[in-house]
Each structure stands twice: as structure tokens, then as C-alpha cells.
Amino acid sequence: MTGAAPDRPARPEYGEYATPEEQRARIQQPDATHALSSGQSLDAPAAPVPPAPPYGSASTTPPALQPGAPAPVVPEASGPARPVRRPRTVDRIATFALLGYGLFNVLTSIPAFTEYSTYANTLLDIMGVDAEFSGGGRGWGLAAAFVLGLGWLLTATLTWLNLRRGRITWWIPLVGGVVFTLTASVLLMVPLFSDPTIWNALVGSVG
1117 MTGAAPDRPA RPEYGEYATP EEQRARIQQP DATHALSSGQ SLDAPAAPVP
1167 PAPPYGSAST TPPALQPGAP APVVPEASGP ARPVRRPRTV DRIATFALLG
1217 YGLFNVLTSI PAFTEYSTYA NTLLDIMGVD AEFSGGGRGW GLAAAFVLGL
1267 GWLLTATLTW LNLRRGRITW WIPLVGGVVF TLTASVLLMV PLFSDPTIWN
1317 ALVGSVG
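Going by my numbering, the sequence shown opens with residue 1117, and the numbers climb by one from there.
No lab work stands behind these hints, which were simulated from the structure alone.
Nothing false has been slipped in among the hints.
Now the in silico label distances, taken between C-beta atoms and shown as ranges:
id, residue 1, residue 2, range
1, 1319, 1277, 40 to 48 Å
2, 1262, 1309, 17 to 25 Å
3, 1224, 1280, 25 to 33 Å
4, 1274, 1316, 39 to 47 Å
5, 1316, 1281, 52 to 60 Å
6, 1287, 1319, 36 to 44 Å
7, 1278, 1250, 39 to 47 Å
8, 1213, 1280, 15 to 23 Å
For glycine and all other residues, C-beta sits at the position ideal for the given N, C-alpha and C.
Take the sequences, apply the hints, and build the full model.
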């Protein structure tokens, strides 16, 4: 009586079970299935993987940072560029010089205008007119002094406002000085032209 045959696993429907060597090859090499199905040898060495180049070499350095590479193009900022304001040194010097001269003229003229009789006789002597101012006219002298002082203050204020805005300002003290000086001079001439003696002397000196 013969013994029973040892139990064997059921035969697969397609092909045979893989041997232990084939299973280990498939685990180590994922492409072993394709190699086995195509009839290739599992003992063929895998293609060597080239080592990564060291950091800083030509192959790892970005093209824009490699020597001799053209500089990267930086996009231009949108919108108009604001002009850079430079200090106008010459304009500032001329402005303060004219303001200083105007202030000196105001401070020296106001005391003379308040003593109008002395001022008028001195002016007649300078003009070469043989006449003497009889007196009066102090109010006109005070008015001329007030116009001259107020004109300088207005001119200085307008100049300061334009300086803060960065504008050219040298012409403001010049124009202000001419305008207010002429106005004060007209006020000073009214008493002289109103005096008949001085008027006749002026006409005679001209003729």
C-alpha cells in the first residue's frame, strides 16, 4: 500500500510559479518583470547612474551667474519717472542777497523819511536846485516809510513760499524792490511838487 502523494499547490491557470530567485530579482529590480517577459537576462548589470556634480560647478551654476553670461534683463518700472530736484545754489544766493540788500535799504530809509524836511533839503542839494523846502510833508514821509516796510515784508513772504515749493525765486525780491521803491518815491515827491517855490526852481534848472 503506497502512501498518499504530498500536497502540492494548485497549478496556476497561466504559466508556472516564479522561483525564489526570480522573486528576489523582481523585488530588487522593478523592471525585472519586463526583462523576464522579453527573455532578457536578470544578471545584466544596471546602467550606472552618474554622480551629481559638486555645487558651484558650471553645470549647476545658473546661466545668468556663469562667467561671460549676459546680464539678465530687468523690466522697467511702469509709470513716469519723477525728476530729481537739485538745489539751485546760485538762485538761493541771489535771492538772499537781494532780500538782505532790500532790508538794509528799508532800515536806513525809514528814519530819513520820518524827518521829511531834512530829507527834502538834502535831496534838493543833490539835484542842484537852488531852493529850500519850507516845511510840512511829514505825513507823506511816514506813508512812504510804511509802504517801503510793508513791501519788504510781502516780498519776503512770497519769496519764502516759492522757496518751499522749489521754484526759482531770485526775481521776486528784485521785482518787489523796484515796485515798492518807486511807490515810496512817488509819495515823497508829492510835497516837493506841491510847493510852488520848489516847482519854479525845478523848472528853471531844467530850462
